[in-house]
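Taken in sequence, the protein lines are chains P and S. Counting in this note's numbering, the first sequence runs from 1 upward without gaps. Counting in this note's numbering, the second sequence runs from 1 upward without gaps.
Don't read these hints as lab results, they were simulated from the structure. Treat each hint with caution, since some may be false.
Here's a subset of chain P near chain S, in silico, CB distances under 7 Å, partners left out [claimed, not checked]: (1) V9; (2) A13; (3) L18; (4) S21; (5) Y44; (6) P56; (7) A65; (8) Y66; (9) R73; (10) N75; (11) A86; (12) D87.
Beta-carbon label-pair distances, calculated as ranges [unchecked claim]: (13) R104/P <-> G263/S: 39 to 45 Å; (14) D179/S <-> D31/P: 43 to 49 Å; (15) R104/P <-> P85/S: 43 to 49 Å; (16) R104/P <-> L184/S: 19 to 25 Å; (17) E174/S <-> R108/P: 25 to 31 Å.
Yeah, the Cβ is synthetic: ideal placement off N, Cα and C, and Gly gets one too.
Given next are the chains, with one letter for each unit.
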Amino acid sequence: MIVEARSIVRGSAEGYTLVSSKPINFLAMLDLNGRIIDEKHELYNENIAGKILVFPNSIGSSVGAYTIYNLKRHNTAPKAMICKEADITTASGCAIANIPLLDRPKCRLEDLKGRVIINNSIIMLQI
Amino acid sequence: MYLTNDEEHALNGEYGNTLATAYRVLVAIGESTDAERLIPIEWAHVSGVNYNTIGDAGLSFLEEIDQKVKVKTSLNPMGFDPNRPYMVREEFKERQMRIVNAYRNMGVEMTLSCIPYEIFPIPKDNAYASIAESNAAVYVNSFLNILTNKESAISALASALSGKAPYSLLRIEELRKPDTRIILNTELMNELDYGLLGYFAGKHAKNSVSIPSLPKEIWNKKALSAGLGTSGSCCMVTDEDSGEIIEYSKRDAEELKGELSNGNDSNIIVFGSPQLGSHDIKRLASSIRGKKFKKRCMIFCARKAYEYVRSDIERLEKAGAEIYSDCCACLTPLIDSQDSVVTNSIKAAYYLKTWNKAKVVLKSMEEIVSSECHDS
Chain P
1 MIVEARSIVR GSAEGYTLVS SKPINFLAML DLNGRIIDEK HELYNENIAG
51 KILVFPNSIG SSVGAYTIYN LKRHNTAPKA MICKEADITT ASGCAIANIP
101 LLDRPKCRLE DLKGRVIINN SIIMLQI
Chain S
1 MYLTNDEEHA LNGEYGNTLA TAYRVLVAIG ESTDAERLIP IEWAHVSGVN
51 YNTIGDAGLS FLEEIDQKVK VKTSLNPMGF DPNRPYMVRE EFKERQMRIV
101 NAYRNMGVEM TLSCIPYEIF PIPKDNAYAS IAESNAAVYV NSFLNILTNK
151 ESAISALASA LSGKAPYSLL RIEELRKPDT RIILNTELMN ELDYGLLGYF
201 AGKHAKNSVS IPSLPKEIWN KKALSAGLGT SGSCCMVTDE DSGEIIEYSK
251 RDAEELKGEL SNGNDSNIIV FGSPQLGSHD IKRLASSIRG KKFKKRCMIF
301 CARKAYEYVR SDIERLEKAG AEIYSDCCAC LTPLIDSQDS VVTNSIKAAY
351 YLKTWNKAKV VLKSMEEIVS SECHDS
C-alpha cells in the first residue's frame, strides 16, 4: 500500500514502525539509549532506536530538539519519523540530525503498523 | 515556502555552514507550520544551555558555530550557580562553562534566565520574536503583545543567527484567536491553581486558549504561562471570548494534581521554575517574616533580581533558604531520585518527577509557608 504524506525533512529510510497514539516529550520521556522511560506513556519501555517512529506530535521542553540530535550522535535515533502534524521541536531536531520527517499521512497513524519504506513524501507500507 | 534570492544563497551554503544549517532549520519549521515566507524578528531567546540536557552532542554542535547572532538574544539558565558550585562534578562545571562560552562567542547576552520578560529590555508592542523557553513564549504572547511561536532551542538559535523566523501560527494576527475556550467551574485562589489551569489548558488547546479573565498578579501570570507551556503546544492565553468550549472543574484540578505529585512527605522545599523575579522574592520574603524554614529550602531566582532586592534576599537567607541564580529547578543536577520535594510550581513538579525521578508534593506558597516553617 502506498500512502502519501508531506515531506518536512527530505530523505529515505526503511524499517519497522513504532506507533504511538499519544504525543512524545523527547526531553522528559527518553533515555540516551532511546528507551521510553515515562511509566504513564503507552510506549513505556519500548525503544525508538532504529525504528520509524510514528506519533501525533511532540510536546514539552524546547530542548527536545537537542535530544533528537543527541540520539542521532549516539546511534540511538529513529531512522525516520512520521507525525500527524509535525511541530517545531520535532522539525528542527530532525533538520539538524538529518532524520527524514514526514507528516499529514493520508491515513490514520495506527494504519502505519508494520514495515515501511519511506522516500521523501511517499510511505510504502509492506504487508 | 518562498525564499528570497539571498535566503536561497544562505540555504545553499554560500554564507557558510552555520547559516546553511540555520536556514535548513527555518525551512523545516516553516514548512511544518505552513509559513508562506520568513520575516525579520527583533528578539530571540535561546534555550539549550544546561549541560544536563544538551550533553556532549549539544556542546560540540554549539562550539562549531562560527557566526554572531543578528538580533539581540537572551539566554536561558544553565545547570548550576557559579557562586554556589557545591556538589557539582568538576567535569560538569567545565563542560557547562564551555557551553556558556560558546553562546558568549556568538554575541548572546548572558542573562541565564527563563524570565527575560522581567529582566531584559523587551521590544515594543507587536514586535516579532523567536522565544524558545516555553513559559516566556506564552508570557510575552499573552501579556506583552509580542508575537512568537513556541520555538525549540534549535529553531530559536536558527532565528538568532539569521535574524528571521517563519511568518506562521501566532505571528499572524488572525491565528491568535483562541481555538479553545475554558469555562471555569472552580475558583482560582493562588499561583498553584493558575499553574494547574495552565497545565489543563495545554492538554486541550492547540495554539491559543481563552479563559474568562486574565490574572493581574505577576506570579499568577507566570504560573499560568509555565503550566501551559509544560503540557502541550498551546502558546497563548487571552480573555477574548471565542473557541470550542471546555469546562474546568475542581475535580479536573484534583486529578491533575494527582498526576503531577507522587509523594506525601518532603525533605526539600523548592521555589522556582520559572525563576523568581523581584516581585516573587518580595512576596515570599514578606510572608516569611519572623519565620524559619523547617527543612532545606532551595530558591531559584534570576541573577538581576538577586542583585536588585538584596534586603529581601538576606531575609530569606536568614530564614535558612539557599538562593541559586543562573540556573533553575527544572533539569537541575542538584536534585536527584533520593529527594522528595514540595513545590508550588507545576513545571518544577513535572520535570522533577519525570526527569530527576524525585518524589513531589504540590502546595501553594501560602501552604508551604504555613506548614513548612516555624517561628524563629
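Evaluation of the provided hints:
no. : hint                          : in the structure
1   : V9                            : holds, 5 Å
2   : A13                           : violated, 16 Å
3   : L18                           : violated, 20 Å
4   : S21                           : violated, 15 Å
5   : Y44                           : violated, 12 Å
6   : P56                           : violated, 10 Å
7   : A65                           : holds, 4 Å
8   : Y66                           : holds, 4 Å
9   : R73                           : holds, 4 Å
10  : N75                           : violated, 11 Å
11  : A86                           : holds, 4 Å
12  : D87                           : holds, 6 Å
13  : R104/P <-> G263/S: 39 to 45 Å : holds, 42 Å
14  : D179/S <-> D31/P: 43 to 49 Å  : violated, 34 Å
15  : R104/P <-> P85/S: 43 to 49 Å  : holds, 48 Å
16  : R104/P <-> L184/S: 19 to 25 Å : violated, 34 Å
17  : E174/S <-> R108/P: 25 to 31 Å : holds, 30 Å
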